[in-house]
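These protein sequences, in sequence, are chains A and B. The working numbering numbers the first residue of the first sequence as 4 and each following residue consecutively. The working numbering numbers the first residue of the second sequence as 4 and each following residue consecutively.
FYI, nobody ran anything at the bench for these hints, they're computed from the structure. Warning: the hint list may mix true and false statements.
Copies of the same chain are indistinguishable here, so a pair counts whether it falls within one copy or spans any two.
To be verified - List time: in silico SDA-like cross-link candidates among lysine to any residue, alpha-carbon distance up to 25 Å:
1) LYS198 / GLU93
2) LYS198 / ARG74
3) LYS111 / GLY299
4) LYS198 / GLU63
5) LYS105 / ILE301
6) LYS198 / GLY303
7) LYS198 / ARG309
8) LYS105 / PHE302
9) LYS198 / PRO101
10) LYS198 / VAL94
11) LYS198 / ASN97
12) LYS198 / TRP65
13) LYS198 / GLY72
14) LYS198 / GLU69
15) LYS105 / ARG298
16) LYS185 / GLN174
17) LYS198 / SER102
18) LYS198 / ARG288
19) LYS198 / ILE301
So the chains spell out like this:
There are 2 protein chains.
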Amino acid sequence: MVRALIRRVLGRQENDQSTPQLELPPTDSRDRARSMVMGLQDEICAGLEALDGEGRFQEESWVRPEGGGGRSRVMREGRVFEQGGVNFSEVQGNELPPSILKQRPEAKGHPWFATGTSMVLHPRNPYIPTVHLNYRYFEAGPVWWFGGGADLTPYYPFLDDARHFHRTHQQACNSVHPNLHKVFKPWCDEYFYLKHRNETRGVGGIFYDYQDSRGTLYKGQDPTGAAAKVSSELGATPLSWEQLFSLGQANGRAFLPSYAPIVEKRHATSYGDRERDFQLYRRGRYVEFNLVWDRGTIFGLQTNGRTESILMSLPPLVRWEYGYTAEAGSREALLTDLFTTPQDWLGDPSLEERCRPHQAIN
Amino acid sequence: MVRALIRRVLGRQENDQSTPQLELPPTDSRDRARSMVMGLQDEICAGLEALDGEGRFQEESWVRPEGGGGRSRVMREGRVFEQGGVNFSEVQGNELPPSILKQRPEAKGHPWFATGTSMVLHPRNPYIPTVHLNYRYFEAGPVWWFGGGADLTPYYPFLDDARHFHRTHQQACNSVHPNLHKVFKPWCDEYFYLKHRNETRGVGGIFYDYQDSRGTLYKGQDPTGAAAKVSSELGATPLSWEQLFSLGQANGRAFLPSYAPIVEKRHATSYGDRERDFQLYRRGRYVEFNLVWDRGTIFGLQTNGRTESILMSLPPLVRWEYGYTAEAGSREALLTDLFTTPQDWLGDPSLEERCRPHQAIN
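All chains should be modelled from the sequences, with the hints used to inform the complete structure.
Written out as structure tokens, the structure reads:
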């Protein structure tokens with residue numbers, strides 16, 4: 004009924020405007036998006052349990068009083084993973100908050116629907132990076148969009164790990180359209196940035212939001228940044244609902260191949276107090292990013308989200324140290340200098356020169 | 004020259020308006036405020052070194068490119084204090100940020116000056132509470148104000164400790180005017196509140212801001228809260244610049260007497276992994292408050308403050324645990340239920356009944 008009305012209204016607008024029209028989602032869009040992200044949660048949890056070998060996810064299902072609910076899965080004290088959380092949620096509300104309406108004014112006054120999966124893994128061994136992913140789908144009145152991304156946060160620098168993670172996500176993006184990774188890679192560097200430290204959260208990966216069929220790729224906050232520039236040079240890249248659905252699915256399925264080989268390569272490397280201390284210290288940056296800068300976390304906490312599920316991303320043990328600076332020439336300094344600054348991981352051969360003296364290539 | 008002009012303008016306004024006029028600060032107001040807060044930093048650091056017995060503060064002085072600077076003092080790995088930081092700063096700028104201008108529109112377009120001291124102590128022994136204080140003075144064009152406060156965050160509940168801390172600050176406030184503590188105590192409960200946990204940061208203390216000679220005591224964010232209600236019932240309480248200066252000084256000097264006896268009483272109490280684990284877990288709440296809700300911290304981080312000095316407040320070691328709840332009937336549950344909810348610590352005799360079964364009185 005409502006959808007029929009929207010179809011009529013959108014049909015009329017087609018005659019009035021020359022901007023690209025928003026395609027209508029399939030009639031079973033919500034079911035398909037929900038199944039896709041739930042499927043990702045299942046596949047990823049199964050893969051991570053196999054990878055860990057000992058740890059098992061514990062599941063808690065929850066209901067949101069305002070509408071919807073979710074299932075949160077946590078692994079603690081595994082062989083590889085000190086803590087890992089993989090969430091699924093499906094939530095509804097009467098009107099989106101102002102922060103999102105600013106980006107999507109057409110959604111004003113309309114009820115909304117959102118479903119997504121998100122994950123953060125905190126491995127025990129400091130040679131294995133922390134990793135995050137999130138894939139989500141929104142509908143609100145006449146508009147809909149996909150968002151998502153994945154980013155890698157190493158504690159010790161290995162060029163090959165960064166390249167493998169980026170290459171795997173580049174391939175997943177390219178399977179949908181060759182323009183996407185060119186914009187989503189710099190957008191990731193821009194989003195996962197700690198302004199108060201002048202550091203990225205790690206080596207990045209991909210990030211995208213507000214993707215619909217109208218084809219503007221970059222929809223972030225910095226109109227003068229690298230992502231905006233590339234997006235503008237590439238021009239409109241209209242993709243169908245089906246293609247954007249495939250984008251989330253392809254990247255979600257790329258996660259295990261992007262990360263499992265790194266775990267397998269690093270988990271047997273022995274480490275001591277120095278490496279553990281540095282890992283705990285750098286985990287502080289993860290907390291700082293999530294609580295000070297991450298729009299999703301702050302939005303959730305300030306609007307009665309499920310606190311335990313939102314803060315599942317925080318590390319199990321963290322250290323802060325006033326005035327710490329890494330010893331000049333150390334691997335810790337290489338991590339801090341090179342691996343928390345945007346790099347052209349796949350295209351810049353000079354990175355090898357900088358990593359070689361520290362045995363930080365493979 | 005500028006001050007003479009302001010005097011003329013303010014003099015004229017006196018004839019036009021019936022609202023209480025803003026008194027002019029003494030001509031040496033900035034020097035006196037600076038000396039007062041620097042003196043507090045010195046007295047407090049000396050007292051804390053004596054209390055710790057082993058730890059010593061290391062000092063770093065720094066200059067702010069936009070104007071001003073400070074001296075940061077940190078004690079690490081003391082006998083009592085796992086980490087403690089006491090900052091002094093004096094900063095200037097061309098125009099206050101919008102968040103403050105909203106409260107003080109008369110400051111718009113004027114250069115500003117601010118000086119203050121702030122402190123956070125993280126004791127090692129879980130039976131000793133974490134504590135924070137901050138006293139500050141602002142001038143901006145025609146306006147000036149004092150702000151400050153101190154709040155106590157216990158890990159294990161002791162009614163007498165909470166009462167002693169509150170009583171000492173009540174006496175300091177009363178030495179200036181009997182209305183003050185009645186408003187600043189509930190304002191503290193309101194300010195140090197973690198909405199996403201529905202918990203106060205601890206047992207509170209006092210908090211005040213934007214205090215000038217015009218006499219409105221409560222100037223916080225919640226017009227329907229307890230502090231606003233009491234303030235409105237008490238009516239205007241005009242205090243001179245000298246009285247408000249004395250308020251900061253009296254409360255700053257009340258800190259050591261409010262806290263040292265608690266340290267002396269608790270520091271020899273032995274504890275095990277259970278108490279240490281709970282302390283590290285609760286320290287996570289301190290991080291959450293400071294990074295998500297504390298306006299001062301967020302403002303500093305988002306506007307190029309000195310990151311290391313701002314984040315000196317974060318604990319040296321912190322733990323997060325998904326889904327933790329304190330065992331029913333335990334001291335940890337009493338802390339979580341009673342000691343993170345606003346209480347009439349000094350006036351409510353029923354608190355003893357609730358604390359007695361847990362040996363949580365003295």
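Next on the checklist: Within, between, both or neither: how does the pair LYS198, ARG288 come out at a Cα-Cα threshold of 25 Å?
Outcome noted: Answer is both: 11 Å inside a copy and 23 Å across each meet the 25 Å cutoff.
Next on the checklist: At most 25 Å between CA atoms: does that hold for LYS198 and GLY72 within a copy, between copies, both, or neither?
Outcome noted: Between copies only: 21 Å across, 33 Å inside.
Checklist entry - Given a CA cutoff of 25 Å, do LYS198 and ARG74 count as a within-copy pair, a between-copy pair, both, or neither? => result Between copies only: 23 Å across, 33 Å inside.
Next on the checklist: As a check of your reading, is LYS198 near TRP65 (CA-CA no more than 25 Å) within one copy, between copies, both or neither?
Outcome noted: Classified as between: cross-chain Cα gap 20 Å, same-chain 35 Å, threshold 25 Å.
Checklist entry - Is the C-alpha distance from LYS185 to GLN174 at most 25 Å within one copy, between copies, in both cases, or in neither? => result Within one copy only: 11 Å inside, 64 Å across.
Checklist entry - When no copy is specified for LYS198 and GLY303, does a C-alpha distance of 25 Å or less occur within a copy, between copies, both, or neither? => result both (21 Å within a copy, 11 Å between copies)
Checklist entry - How do LYS198 and GLU93 come out at 25 Å by Cα distance, when the copy is not named: within, between, both, or neither? => result For LYS198 and GLU93, only the inter-copy Cα distance (23 Å) is at most 25 Å; the intra-copy one is 31 Å.
Item to check | LYS198 and ASN97: within-copy, between-copy, both or neither at 25 Å Cα | outcome: between (34 Å within a copy, 22 Å between copies)
Next on the checklist: I want to check one pair: LYS105 and ILE301. Are their C-alpha atoms no more than 25 Å apart within a copy, between two copies, both, or neither?
Outcome noted: Classified as both: same-chain Cα gap 17 Å, cross-chain 22 Å, threshold 25 Å.
Checklist entry - With identical chains treated as interchangeable, where does the CA-CA distance between LYS198 and ILE301 reach 25 Å or less: within a copy, between copies, both, or neither? => result Intra 16 Å, inter 12 Å, cutoff 25 Å: intra and inter.
Next on the checklist: As a check of your reading, is LYS198 near VAL94 (CA-CA no more than 25 Å) within one copy, between copies, both or neither?
Outcome noted: Answer is between: at 21 Å across copies they meet the 25 Å cutoff, but 31 Å inside does not.
Checklist entry - Is it within, between, both or neither when you check LYS198 against ARG309 at 25 Å Cα-Cα? => result So LYS198 and ARG309 pass the 25 Å test across copies only (12 Å; inside, 27 Å).
In summary, the structure agrees with every hint in the numbered list given earlier.
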